[in-house]
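> Spelled out from the first residue to the last, the chains are:
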Amino acid sequence: MSGIAVTTTINGDTVEFLCQAEETLLDVLRNRLGMTGAKEGCGTGDCGACSVVVDGRLVCSCLVLGAEAEGRKIETIEGIADGDTLHPLQEKFIEHAALQCGVCTPGFLVAAKDLLERNPDPTEEEIRFGLAGNLCRCTGYDKIVRAVQDAAKEMRGA
Amino acid sequence: MGMDQTFKNKAFKMVGTRPERPDGFDKVTGRARYGADFNMPGQLVGRILRSPHAHARIKSIDTSKAEALQGVKAVLTAADLPDLSDGDSGLFNTLENCMARTVARYDGHAVAAVAAVDTRTAKEALKLIKVDYEVLPHVTEIEDAIKDTAPVVRENAKAEAGLPHNIGSTIEFGHGDPETGFKNADVVIERTFKTEQSHQGYIEPHACVGNVNADGTAELWVCTQGAFGYRQDCASLLGLDVSKLRVTSSEIGGGFGGKTHVWAEPIALALSRKAGRPVKLVLSREEVFRGTGPTSATKIDVKIGVTKDGRITAGYADCYYTSGPYPSVWAELGATTAFSCYDLEHVKTIGYEVVVNRPKTAAYRAPSAPMAAFAIESVLDELAEKIGMDPLELRIKNAAKEGTQSSYGPVYGPIGFGETLAAAKNHPHLKAPLGKNQGRGIACGYWFNIGGQTCTDLNIGVDGTVTLTIGTVDVGGSRASMSLVAAEELGIPYEQVRTVVADTSSLGHNDMTEGSRGTFSSSLTTIFAARNAIEILRERAALMLGIPVDDIVWEGGEARAKGDSHGNLPALSLKEIAKAAPKTGGPIAGHSEITADGAGASFGTHICDVEVDPETGSTRVVRYTVIQDAGKAVHPDYVEGQFQGGAVQGIGWALNEEYIYGEDGRLQNPGFLDYRIPVCSDLPMIDTHIVEVPNPNHPYGVRGVGETPIVPPLAAVANAVSHAIGVRMTHIPMSPPRIVAALEAAKAG
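Chains as they are written, first to last, in the working numbering: chain W, 1 to 158; chain Y, 1 to 749.
Quick caveat, the hints were computed from the structure, so don't treat them as lab data.
No experiment lies behind these values; they were computed from the predicted model shown.
Yeah, the Cβ is synthetic: ideal placement off N, Cα and C, and Gly gets one too.
Please note: incorrect hints may appear among the correct ones.
Computed footprint of chain Y on chain W; a stretch qualifies when at least three of its residues, placed anywhere within it, have a C-beta under 8 Å from a C-beta of chain Y [to be verified]:
hint: 1; stretch: 9 to 20
hint: 2; stretch: 147 to 153
Distance ranges between label pairs, derived from CB positions [stated by the list, open to error]:
hint: 3; chain 1: Y; residue 1: 239; chain 2: W; residue 2: 11; range: 46 to 52 Å
hint: 4; chain 1: Y; residue 1: 556; chain 2: W; residue 2: 156; range: 39 to 45 Å
hint: 5; chain 1: Y; residue 1: 239; chain 2: W; residue 2: 154; range: 55 to 61 Å
hint: 6; chain 1: W; residue 1: 5; chain 2: Y; residue 2: 582; range: 55 to 61 Å
hint: 7; chain 1: Y; residue 1: 576; chain 2: W; residue 2: 126; range: 53 to 59 Å
hint: 8; chain 1: Y; residue 1: 413; chain 2: W; residue 2: 156; range: 35 to 41 Å
hint: 9; chain 1: Y; residue 1: 42; chain 2: W; residue 2: 44; range: 28 to 34 Å
Using the sequences provided together with the hints, build the complete structure.
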């Protein structure tokens, strides 16, 4: 079977893979590269569970083709912690019980990190709209918003 | 020793604290493995073909072209799934729901499946399967289904005498004589309420990997609320020995009742059996909406009477609940919970199970209770207005309390309903001013809570760390709670306990994590297992110290000699006793296997403020407070999380979520774009207030907490919207077009 050869950068590492034309970046990450942190909740860009950052832009990896990763810089949930040292957002999500089942958590963390990089001191409303592309069915979002507020505060050194 | 489950008013060291959950690291780094995150060597890709018709006879299925496609390893139809139900109609219905046999009964009903080497081939193979359908008349709406002229959903079902043929069963509850009660009322209100069908909306679609070997052994990796239940169902449907099928529950990405039923799992196993290779089967979101577990659509006719001074004289409700094509217990659960919050002399409810050409109704968090509460709590709100009484006062005046005979029979023990109402009365939310176009609603809710079969192992390692093996799937942080309970009982630090969820070959049977039973039941068996282990620890300590076991007490994580007679003997820590275990008799463990009983009933009171745009009908919840009795909150963070999550599911249902069927009987919104669940920017913070009235049947006083939070919101939001716009809303969801229509109808008079 023919495939498209792709060279890309994922979490700072050069990665090469073959994929079929119809495969999404999410399919490639999960099925070809064994990176199952990004989840498929809908496959239509509505839930944000597959959020990754491509060339500095937050996207749903289910809406990007694998072949489009060629020459790009991709960041995923697997690259957020620094080795065994968790990112402040990861720590605050655990501390604030901002996850119940946890399946949406990788997407929220990727989106929240992107948000805080663009806006280090967001209001509650800015957090709520910044994370409106990510669905969570367990928490009602309350503890997620609090975790992001607390992480932002810590990251600002406030 | 060990089996006394009565409440002891002890001081807690661990229970009630908020430590970090043990699975947190895995879940924030993307390492936690959910249903679709697992693979077996040599696995194939499974895919399901689904009926495009709401109701159709399957005249024939030609799979020859699909089978001939290179890379296809198995094609499955109902012919590969012999009926082994042996007169068990529930099991037969499960079989038929997993794959249609002679008739497809709803849009999305599975009719065939394939296993192929890759996704592309599997999708191609589905297109090559030719199904010859004879399309039959269908019915999806309650009002249509209960007409005598309605299409017959279950062709072989016998209707009860005098009832329309699509009413699968009826059930009646109550006491006294409502007619007498209504005669004594000063005001009687009679109204009909409707709720549309909603879905649990778990973010993780159903996913599994199944493997059946030629020697009859089999394994299943699956996201489920209960590995043992799935094992039982799959083994029964496929004729496997229960002991030969090992089911491992993955991390579960939400269930809310929807993962208590088997859907694709028997198909994955049957495909594997036919192909001779493991099969991974992951449903798409569209399949989740079309083919799995929505809740019931309902129509509820309510009549309630009160005296001028606010005493309810009688309550009556006819509760119609859809069950998809398969009658179940949904109307029964609505009829039992409808009036459960109140102390009534005359009450009667009748449940009508209505079969329709929609997916099989599945449990959804306090199944059936939110719709009944919507109807009853709305009428109470209106009655309070009519007699000029504060709606909270009306509820306080009629609240069920210890000794009240509930509307469905049992007499309540100590319950915390009154405490939730008192907390509401004193809550600052109730006194906060409202703005323009805003309204406030309150509503109450009840859930039984259940116990059930539960089994737990507690093993003490040679280093003194403890492995607690539970069989109730952790759906929202219960491993943290169980570690707290084991640490509390043993008197050791939380970090010294690791709680794991067992597969079905590693522990005795456990019922599903459902009905708010997980923390109640597994904490009971954890306490008992710990107490049994302490017995052994005392025996070992006695051997080590050379004194009688009766002279040893277990305190603060240590074995100590009792009294003054052995005053100079050192205390032995759990670690020291564990280290010596190989020489004092071997491994130290405690076990408990019970059918948990005495789950304390649960009550909640919610306060909701909304703002409605009168031009567009768009509604925003601007403030929301959940007050609920938890008995004893083991890990308060996760109790609050249940309160908040349940409330928000209810808010979504109240304002937006509904299955929309076309005239053709096809679901028109099978995706998160058109079936819109609440997002972060839709909501305010959700305030919580935990009330703790101990359950007398649990050593720590624990009650289940997960279900009740979704019961009051439909009514709380509806009461708030009704006050904001000055028109009584009787149809859920109160989407903008329904609110605009209600306003226009009111204007037209």
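> Now, for every hint given, state plainly whether the structure supports it.
Checked hints:
1. 9 to 20: Violated: only 1 residues of the stretch 9 to 20 of chain W have a Cβ under 8 Å from chain Y.
2. 147 to 153: violated (count 0)
3. Y:239 with W:11: 46 to 52 Å: Since residue 239 of chain Y and residue 11 of chain W have Cβ atoms about 47 Å apart, the given range 46 to 52 Å holds.
4. Y:556 with W:156: 39 to 45 Å: The hinted range 39 to 45 Å holds for residue 556 of chain Y and residue 156 of chain W, with Cβ atoms some 42 Å apart.
5. Y:239 with W:154: 55 to 61 Å: Given a distance of about 57 Å, which is inside 55 to 61 Å, the answer is holds.
6. W:5 with Y:582: 55 to 61 Å: holds, 57 Å
7. Y:576 with W:126: 53 to 59 Å: holds, 55 Å
8. Y:413 with W:156: 35 to 41 Å: Given about 51 Å between the Cβ atoms, the range is violated.
9. Y:42 with W:44: 28 to 34 Å: Given range 28 to 34 Å: holds, Cβ gap about 31 Å.
Violated hints for the displayed structure, listed by number in ascending order: 1, 2 and 8.
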